[in-house]
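**Student:** Below are the chains, spelled out letter by letter.
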Amino acid sequence: MRPSDEAELADILRGADAPLSVRGGGTRSAPATGAVLETGGMAGLVLYEPGALTLVARAGTPLADIESILAGEGQRLAFEIPDMRGLMGTSGVSSIGGVIADNASGPRRVQAGAARDFLLGVRFVDGRGEVVKNGGRVMKNVTGYDLARLMAGAQGRLGVLTEVSLKVLPAPETQATLVARGLSPSEAVAAMARALGSPYEVTGAAHRDAGGEAETMLRIEGLAGSVAYRTGRLRDMMGRGWEVEGAETSAARWRGVRDVAEFAGRAGSVWRVHLMATDAPEFLAAVQAEDGAPALLDWGGGRIWLCLPDAGDGGAGRLRGALARLGGHATLVRAASDVTAAVRHPEASAVAAISDGLMRAFDPKGLFRGAA
Amino acid sequence: MELPPADARILARRAAILAGLSAILPRDAVIADPHELKAYECDALTAYRCLPLAAVLPRTTDEVAAVLRFAHAEGVPVVPRGAGTSLAGGSMPTSDSIILGVARMNAVLQTDFDNRFVRVQTGRTNLSVTGAVEGEGFFYAPDPSSQLACAIAGNIAMNSGGAHCLKYGVTTNNLLGVRMVLMDGTVVDLGGPWMDAPGLDLLAVVCGSEGQLGIVTEAWLRILPKPEGARPVLMGFDSNEVAGACVADIIRAGILPVAIEFMDRPCIRACEDFAHAGYPDCEALLIVEVEGSPAEIDEQLARILAIARTHNPVALRESTSEEESKKIWLGRKSAFGAMGNINDYMCLDGTIPVSALPQVLKRIGEMSAEFGLDVANVFHAGDGNMHPLILFDANKPGDLERCEAFGAAILRLCVEVGGCLTGEHGVGIEKRDLMEVQFAPADLQAQMRVKDVFDPKWLLNPAKVFPLHVSAGRRAA
Chain A
1 MRPSDEAELA
11 DILRGADAPL
21 SVRGGGTRSA
31 PATGAVLETG
41 GMAGLVLYEP
51 GALTLVARAG
61 TPLADIESIL
71 AGEGQRLAFE
81 IPDMRGLMGT
91 SGVSSIGGVI
101 ADNASGPRRV
111 QAGAARDFLL
121 GVRFVDGRGE
131 VVKNGGRVMK
141 NVTGYDLARL
151 MAGAQGRLGV
161 LTEVSLKVLP
171 APETQATLVA
181 RGLSPSEAVA
191 AMARALGSPY
201 EVTGAAHRDA
211 GGEAETMLRI
221 EGLAGSVAYR
231 TGRLRDMMGR
241 GWEVEGAETS
251 AARWRGVRDV
261 AEFAGRAGSV
271 WRVHLMATDA
281 PEFLAAVQAE
291 DGAPALLDWG
301 GGRIWLCLPD
311 AGDGGAGRLR
321 GALARLGGHA
331 TLVRAASDVT
341 AAVRHPEASA
351 VAAISDGLMR
361 AFDPKGLFRG
371 AA
Chain B
1001 MELPPADARI
1011 LARRAAILAG
1021 LSAILPRDAV
1031 IADPHELKAY
1041 ECDALTAYRC
1051 LPLAAVLPRT
1061 TDEVAAVLRF
1071 AHAEGVPVVP
1081 RGAGTSLAGG
1091 SMPTSDSIIL
1101 GVARMNAVLQ
1111 TDFDNRFVRV
1121 QTGRTNLSVT
1131 GAVEGEGFFY
1141 APDPSSQLAC
1151 AIAGNIAMNS
1161 GGAHCLKYGV
1171 TTNNLLGVRM
1181 VLMDGTVVDL
1191 GGPWMDAPGL
1201 DLLAVVCGSE
1211 GQLGIVTEAW
1221 LRILPKPEGA
1231 RPVLMGFDSN
1241 EVAGACVADI
1251 IRAGILPVAI
1261 EFMDRPCIRA
1271 CEDFAHAGYP
1281 DCEALLIVEV
1291 EGSPAEIDEQ
1301 LARILAIART
1311 HNPVALREST
1321 SEEESKKIWL
1331 GRKSAFGAMG
1341 NINDYMCLDG
1351 TIPVSALPQV
1361 LKRIGEMSAE
1371 FGLDVANVFH
1381 AGDGNMHPLI
1391 LFDANKPGDL
1401 ERCEAFGAAI
1411 LRLCVEVGGC
1421 LTGEHGVGIE
1431 KRDLMEVQFA
1441 PADLQAQMRV
1451 KDVFDPKWLL
1461 NPAKVFPLHV
1471 SAGRRAA
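For the protein sequence lines, the chains are A and B, in the order given.
Okay, so the first sequence: first residue is 1 according to the numbering used here, each after it adds one.
Okay, so the second sequence: first residue is 1001 according to the numbering used here, each after it adds one.
Hints should not be assumed to be uniformly reliable.
Claimed, not checked - To give an idea of the interface, some chain B residues facing chain A are shown, with a C-beta separation under 8 Å as derived from the structure:
#1 Ala1204
#2 Gln1447
#3 Phe1454
Hints were generated in silico from the structure; no laboratory data involved.
These numbers come from a predicted model, not from an experiment.
Just so you know, even glycine gets a beta-carbon here, dropped at the ideal spot from N, CA and C.
In isolation and in its complexed conformation, chain B is listed as follows (with noise of 0.2 Å):
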């Protein structure tokens, strides 16, 4: 992965620039010492790792501004950084810039029920959203699977999903505002507690923009009432093809499950290796979730096993019990760990469109022999954000190159299906060298000027999202 090349005028100044943030922030704030500034050479796409200049971790928005208004006058690119859970680079620095955590901004500032809504400092762990509102019944919806761990700034900077998306959406709906701070000092407040943007709706913009175009520091968060009960069915089918074909008749007929999980037989049956959860052994697995009353969860699931029905399932298991349900889910969510358990693994995550899932999953297993790689996947049907996992041994030679081709593969079919090249992780360092792929020059250059606009130094993030060689002139300016 290539980075721009360090500016050696800014690491002859490293002295004077860690003088210059101890100066702005406490002593414990700042981090400068290279043991303690490993922590920091990466985020959880660990394959990329470099040293940054120093790392700063402010408490208030005040002192984030100070930051962002000392390294902007010194022309020091700054890269921001919630939990550091990215699956795409999206918080790895380079060596000549400033790592700037929000970790420890992670108080809640107000919970409003009324008006169903919680405002936070963004280093908040998405899960302790929810933890200070459920008490009065109450959640955060966006689930990313890192949820435990990772934070709303992130969350914003990537517009994270999860497996509910179907029915709630990702993070940009569910945020109503955010407090940011730009990249020469400057706060600003988007949004708010109430709905919609008086005029450019800018907030739109900020989320997902992968922490390019301010930091934001304190968010407007929308709160859900939680439903009375939910509820999973596990299906079996012997074909991908027929899955597909279910999931897409129970969509027709007019139900919404919160959530179409779809497995592939390489990771049923790597899940039930790992996890026991009793899953059958066939082709393709379906567990479809929905919500409600016992009744309404019973009319919705009468539907749908009704429509599983007509396309000959091999397995059909409705949860009758909490327990069941578990066990249901036990296997879905071990996924991941059930294939660090086999070998090193790349998680991608192309979107593509629900009526394409055959084809392409027949495409991925004749490359998967091209390549000579294994791959399970692992899928959110009812949205079409895929997940294949592609198995390598990262001790021999050329198999972590060969991946990245494999996977890189797998994200132009994507692309060529009609789908996208990241559906929830963002696009980072991981597939920035691929947005060529999906987007024409006048749209990347499209994009680009929003940044110009926010950040016309192009010191934050600058080595990310875009192709180098189509922002070479903006950084190098």
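Isolated chain A (complex conformation) (with noise of 0.2 Å):
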């Protein structure tokens, strides 16, 4: 099924009475079982007012074509959002709706915010099949609540988007990046929460340990000038050991991090786990203790991408036996089919039983369940 609008979508979603696999471009995770149901149908420009920073899109629009007319004005999407494609093995083309869904953010989320933060508003089709608006086209809008948040996340649980309408934001004229080589997880985290607490808006911190060759990475951006002053201050501010690279490489590099290149190629199952910063050094001293996993560290280590043994349980237990006790959760995003592991991380039995809650009100016929 392809609907090409959101009232034909809407019949689709009266009629149906079994679960439902809900794909935009198929690029984020693995399908759902049912039935497909293909949002790239509704796809176009609404639209895009670069003096008020605002752009409206159907959901179904590839998320290429939006990148570009932004571009063409100087402006971008923030949230920098991952090319999971090489990751998770998938083909196709990208939609801000699965963005959007999946509040898919990269590196510059520690600094500017996630997906979510950038959402003004969504239309959305619920379980139901009935036609949804909520927030709008405007920056600050509180009327009502925030059911357009509530859906960035929730991976097409609660209904299928159709639009969505987004904050937009200058693209900086330039970059930089500093880098130090050879500091320990601890090291990284401690040099990172200084960079990350100064006032040379940082954003982007990142430390990769890749078979004992680990590079810790601070990113700053904006006009030329003022980057330069910025990259002087915060070098002197870390001390010794600290190079700058210029634009070019620096966008290179992030592009590795945001799409976590490193695990591209590499067999195993992948874990995102989201955790309180300082809390990371004890984490991974728990977690790679038996096989020295590598391990990916964003967003000054309050996020952590892992690549485990695919065997058994993936490697949930001990991840999730560690969070436990720390703090923060972690989702799986890759792994063989024979892993046994929930994606999800497991929820305190009142919160669960408000989201399924949710789940009920917005799906009584449990369309959307199949969803991984």
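Starting from two chains that each stand alone, build the complex the way the hints lay out.
**Tutor:** Encoded structure:
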């Protein structure tokens, strides 16, 4: 099924009585079970006002189209959307609806915010086949409940997005990255905390450790003069051992962090862990103890990408055991089909009851229950 | 303003309910004396008042849970209250409800500069959150103009904004987690000192739900390093259209000022008479502020001034000292006081797409003549959040009603041009009956289904947000 507009989608959902596999571009997650319902027919730009930093698009609009329209005006989506095709082994074209449904955010999330923070409004069709609009196209809007943000990250479990309205930002003139080599995870996390706590507006703080070649990186973006100034000040503050890389190298480096490129060709279960940044070293010590599994720390250590062996529960017990003690959550992003772990982190029972209640309220027929 | 009729069965049991509350809470935490209850009959929307059944001021999350468990069992509505500064009547009680105030829960529980968050009890005032972290060079970004008095609890309930949202966002963008008590007394943690939700983003829908889903007792708030400095520039133009075009050009040029404030002639004149800030005599005035080191500020301001000059400003004043910066902001910050000096006023809070600014201001001017009431406009121009101030005389029969009708007409206009009824104050009771202007029945049903899940008996702040005839079936159930 491939509805060409919202009304057709509503008809389909009103009539449906068995689980559906709703697909945007099919780039981000494993397909759900059920009859395939594609959103790509509902595409196109609805409105773009560069002077108001606002863009409205139908949910099936290819992300690349939106990015190129924005680039034409020197603007961008600031939450730095990861391209997951390499990591997931998927092909196809990412859609803006899928990006929002997944709350897909990259390295800049630590400073600028996540996809949900740039979402101004949505239209969607719930599991009853009701068309719902929420939010709007203005930056400040507290009229009624914020269902738009609830839809962000819900991965289609409450309804199918048909239109999203986003705040966009000026693209920076240039960027630079400070790099230090050979830091331990705890040294790196401390250094990143210092940088992120400085007034120099660090828009990326990551640490990779692939085969004993640890690199810690700090990104600065903005107007040319300002980037030069802040890079200099930050380097002075960080002390010896930090080298400056120019715009081109910097951009390539952060694309790699954004897309988790180093796990792309590597076998294993890929986990995305969110925790308090300063807990990262202890967490890594707990989960890497046996096999020294490779890790990529983003968000100053607040997000860790891990690749664990594809066996048994894919490391779920180890990871989630450590998080039960430290706090935070782990999502299984990619795994071999025989890995037994739950994709989503278990919620406390009272919270799970609310989430369940919402899913029943918006999707009483269970059409979206198959969503991975 | 219509309120649901009081439940006579609850009023009849007042003594027993008070006894029940007194058994749960320390003696000084239960307020039953009608004179003392006067303090809780309204919030900052003072036109509407009603004495509650009782007010309670718990000191801990456990006490909040005990009160809610009790009220839930008794079927008594509960109206949460932060500092009582709501301009929308968000914490206005009904006569059969218990006010639950969190004002005594105002401790800072944890400051963590490495992870850049602070955990506070929600009775703490907005400004004192910054006060707790500024010694280390940090601040809490959302800055509603009531920040000296307003509580974090209310900020979360209303998803409060402020003047610096263009760069830093509003409450929801700076809230990492909450500890919240559900109406049945269950305590849940949503989020925490890490980013993003593992499942549904329940925190997102709690923020801005006007105290209808639960009572938030603790919050993890994101704190940010203070910029090295900030400096405003003041620009005067001879028409609203030109000022609006200048704002769009600045934004299009790739500069993101931390604030862009807009004032129209009536507002400029009133502020000037009141504060003597030295504002030029012109149709429209912009205050644009940028942040960074002195050199970065120079770089950004040079570009902004070059853009402004292409619009033939009648005045252009760049601050060269702390003193001058203060003076530029002085008039703007005293806008509400200046209006209060002239007359009674009603402050609106609609948001419009920035591009609709000239058209909307023109229409408001025409309506001002039609309604026979003066209006002054002050406006967060970067994000489209308007605060038209309608002047009226509360002692003149019919003036308040005329003012309300004018206000409603302006808010309808905001929706018509693609905006919304409220940008940062919330719906409360004030805009409750206008919700159908912005939302179709299915939109409101979807929102109410969320409340059904969190508060199935509709006991938390039930008479707010949704038009009474729309929520009637649920409240009666």
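**Student:** Mind listing which of the numbered hints don't hold for this structure, in increasing order?
**Tutor:** The structure breaks none of the hints.
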